[in-house]
Amino acid sequence: MLDADDIEHASRISELDGLLVASLAPDLGPAGLERFAHVVLQRLAVTPWRAVVLDCSAVLVMDSQEFARLAELGGMCRLLGARAYLTALNPGIAIHLALAQLQAPELRFCRDLDHARGLAEAEPA
Amino acid sequence: MTPDDLLGLFSITETDLAEVAGAGVVLDEHLDRIVERWYGWLRSQPGAMRHFTSDEQLDRVRRQQIQHWRVFLRGRVDALYLRQRQHIGQVHASIDLPNDIYFAGVSQFLAFITECLHELRPNEMAANVRWTTAIAKLMLLDTYVVIDTIATIARDKIALHAKAVMEMSTPVTPIWDSILLLPLVGIIDSTRTADVMTKSLTKIAETRARVFVLDISGVASVDTGVANQLIKITRATQFMGCEAIISGVSPSIARTMVELGVSIGDIQTTATMRDAFEMALKRIGKPL
Chain A
24 MLDADDIEHA SRISELDGLL VASLAPDLGP AGLERFAHVV LQRLAVTPWR AVVLDCSAVL
84 VMDSQEFARL AELGGMCRLL GARAYLTALN PGIAIHLALA QLQAPELRFC RDLDHARGLA
144 EAEPA
Chain B
2 MTPDDLLGLF SITETDLAEV AGAGVVLDEH LDRIVERWYG WLRSQPGAMR HFTSDEQLDR
62 VRRQQIQHWR VFLRGRVDAL YLRQRQHIGQ VHASIDLPND IYFAGVSQFL AFITECLHEL
122 RPNEMAANVR WTTAIAKLML LDTYVVIDTI ATIARDKIAL HAKAVMEMST PVTPIWDSIL
182 LLPLVGIIDS TRTADVMTKS LTKIAETRAR VFVLDISGVA SVDTGVANQL IKITRATQFM
242 GCEAIISGVS PSIARTMVEL GVSIGDIQTT ATMRDAFEMA LKRIGKPL
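Quick note, the sequences are listed as chains A and B, same order.
Be aware that the first sequence starts at 24, since it is given in my numbering, and climbs by one per residue.
Be aware that the second sequence starts at 2, since it is given in my numbering, and climbs by one per residue.
Hints listed in this document are in silico derivations from the structure and should not be mistaken for laboratory results.
Take the hints with a grain of salt, since some may be wrong.
What the hints assert, rightly or not - Straight-line distance between alpha carbons at most 25 Å, and here's what the computed DMTMM-like set of lysine to aspartate or glutamate pairs gives:
id : chain 1 : residue 1 : chain 2 : residue 2
1  : B       : K200      : A       : E144
2  : B       : K204      : A       : D135
3  : B       : K233      : A       : E89
4  : B       : K138      : B       : E120
5  : B       : K287      : A       : E146
6  : B       : K233      : A       : D40
7  : B       : K233      : B       : E260
8  : B       : K158      : B       : D97
9  : B       : K204      : A       : D86
10 : B       : K283      : A       : E144
11 : B       : K138      : B       : E30
12 : B       : K233      : A       : D86
13 : B       : K283      : B       : D178
14 : B       : K283      : A       : D135
15 : B       : K287      : A       : E89
16 : B       : K233      : A       : E129
17 : B       : K283      : A       : D86
18 : B       : K164      : B       : D97
19 : B       : K283      : A       : D137
20 : B       : K158      : B       : E120
21 : B       : K283      : B       : D267
22 : B       : K287      : B       : D276
23 : B       : K138      : B       : E125
24 : B       : K287      : A       : E144
25 : B       : K200      : A       : E146
What the hints assert, rightly or not - Okay, the calculated beta carbon distance ranges per label pair:
id : chain 1 : residue 1 : chain 2 : residue 2 : range
26 : B       : V263      : A       : G104      : 34 to 40 Å
27 : B       : G187      : A       : G52       : 57 to 63 Å
28 : A       : A91       : B       : V186      : 33 to 39 Å
29 : B       : G266      : A       : E144      : 23 to 29 Å
30 : B       : A221      : A       : Q124      : 20 to 26 Å
31 : B       : V166      : A       : A91       : 35 to 41 Å
32 : A       : D135      : B       : D157      : 15 to 21 Å
33 : A       : A123      : B       : Q46       : 33 to 39 Å
34 : A       : Q124      : B       : Q46       : 58 to 64 Å
35 : B       : G262      : A       : A91       : 34 to 40 Å
36 : B       : K287      : A       : D135      : 15 to 21 Å
37 : A       : L39       : B       : E260      : 47 to 53 Å
38 : A       : P49       : B       : G187      : 51 to 57 Å
39 : B       : H88       : A       : D135      : 53 to 59 Å
All figures in this text were calculated on a predicted structure; none of them were measured in a lab.
Glycine residues also receive a C-beta, built at the ideal position from the N, C-alpha and C atoms.
Full structure from sequences and hints, please.
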């Protein structure tokens, strides 16, 4: 089982131009996603960030429950003072989420990192 | 299906095939006469001869037909025989032979064979009945193979046309840098929605479009179902980080949606495509 350090390594959490960028690994699974959320929230608790980018470019498949976990993570980030941006969802996942009529008001959806950075700069914290 | 599968399906036994072969021995030298009589019947059918463009062609088909009945009356159903019948089905499909003529023709041929057997063996009534019963069973199998081939060709054509129509009905087009347009025309159902979503989102991913304009001025009618499908399409584009605008909302569509209580949430809508285009340009920071 991966521990928090492994998750952080596998998921590549980094800082970029004032953003905390957390790239999801392709196959985190429910437990891995839970630990991923824990690591992100720990980073936010230690250092205040205005924006967190959850980069999904490596994720090929995402079910409704995993999306719900990410939506919850967006809400928790908001409570810690950071706006959450979900970037680079692939078309297949987007179609699944739309057909399942899922919503995540605490997440902002972006094409890529540049889009997320642009939105983060334009929006008040 | 294999020859054995078909024989089993039509309850044709080895005994039946032997009966057919037995009749074949008796009928062989009379086949020319039966086929000639059959063409006499065909000539009397309105429009049936239009499928023959010349006397040479008619002679050729008649010779092939005699050869077919000779093979048929051997009472052997194997893969080669089925392929030949499938080929006949392909020919019938290509000349668009009407099913009524084909079925009536098969029925008429059976009647001529039956009469011929009774003429040739007037004192063998019981054997004649057994032979004609076995021939009729094999004719049904034979006819099924031909018709099934025609139906398969028709189904393939329909599927091909449906695919072509589907391709033409989802023209996702970049109309400006970072702006995609999809003019929807016709009927929107769940199958079409899935196709529209797949093509639109793939295009959005390819072009990294920032705005997606969905023009519904050509949609036949909008009810709760259609509205929900449109909302799903726009939600999917939003998940990709692309802003969606629905244009071409007529007063009657607006009234219908409000009366049906359809909530469009934060989706942008405009009455005309021009308004949508203007809005899209503003979104990408290039106002008119």
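Status of each hint after checking the structure:
no.: 1; hint: B:K200 x A:E144; in the structure: violated (32 Å)
no.: 2; hint: B:K204 x A:D135; in the structure: holds (15 Å)
no.: 3; hint: B:K233 x A:E89; in the structure: holds (20 Å)
no.: 4; hint: B:K138 x B:E120; in the structure: holds (22 Å)
no.: 5; hint: B:K287 x A:E146; in the structure: holds (20 Å)
no.: 6; hint: B:K233 x A:D40; in the structure: violated (34 Å)
no.: 7; hint: B:K233 x B:E260; in the structure: holds (20 Å)
no.: 8; hint: B:K158 x B:D97; in the structure: holds (13 Å)
no.: 9; hint: B:K204 x A:D86; in the structure: holds (23 Å)
no.: 10; hint: B:K283 x A:E144; in the structure: holds (18 Å)
no.: 11; hint: B:K138 x B:E30; in the structure: holds (22 Å)
no.: 12; hint: B:K233 x A:D86; in the structure: holds (17 Å)
no.: 13; hint: B:K283 x B:D178; in the structure: holds (12 Å)
no.: 14; hint: B:K283 x A:D135; in the structure: holds (20 Å)
no.: 15; hint: B:K287 x A:E89; in the structure: violated (37 Å)
no.: 16; hint: B:K233 x A:E129; in the structure: holds (19 Å)
no.: 17; hint: B:K283 x A:D86; in the structure: violated (35 Å)
no.: 18; hint: B:K164 x B:D97; in the structure: holds (23 Å)
no.: 19; hint: B:K283 x A:D137; in the structure: holds (19 Å)
no.: 20; hint: B:K158 x B:E120; in the structure: violated (46 Å)
no.: 21; hint: B:K283 x B:D267; in the structure: holds (17 Å)
no.: 22; hint: B:K287 x B:D276; in the structure: holds (14 Å)
no.: 23; hint: B:K138 x B:E125; in the structure: holds (20 Å)
no.: 24; hint: B:K287 x A:E144; in the structure: holds (19 Å)
no.: 25; hint: B:K200 x A:E146; in the structure: violated (31 Å)
no.: 26; hint: B:V263 x A:G104: 34 to 40 Å; in the structure: holds (36 Å)
no.: 27; hint: B:G187 x A:G52: 57 to 63 Å; in the structure: violated (42 Å)
no.: 28; hint: A:A91 x B:V186: 33 to 39 Å; in the structure: holds (36 Å)
no.: 29; hint: B:G266 x A:E144: 23 to 29 Å; in the structure: holds (26 Å)
no.: 30; hint: B:A221 x A:Q124: 20 to 26 Å; in the structure: holds (24 Å)
no.: 31; hint: B:V166 x A:A91: 35 to 41 Å; in the structure: holds (38 Å)
no.: 32; hint: A:D135 x B:D157: 15 to 21 Å; in the structure: violated (42 Å)
no.: 33; hint: A:A123 x B:Q46: 33 to 39 Å; in the structure: violated (59 Å)
no.: 34; hint: A:Q124 x B:Q46: 58 to 64 Å; in the structure: holds (59 Å)
no.: 35; hint: B:G262 x A:A91: 34 to 40 Å; in the structure: violated (27 Å)
no.: 36; hint: B:K287 x A:D135: 15 to 21 Å; in the structure: holds (20 Å)
no.: 37; hint: A:L39 x B:E260: 47 to 53 Å; in the structure: holds (49 Å)
no.: 38; hint: A:P49 x B:G187: 51 to 57 Å; in the structure: violated (39 Å)
no.: 39; hint: B:H88 x A:D135: 53 to 59 Å; in the structure: holds (57 Å)
Comparing the model with each numbered hint stated earlier shows that hints 1, 6, 15, 17, 20, 25, 27, 32, 33, 35, 38 do not hold.
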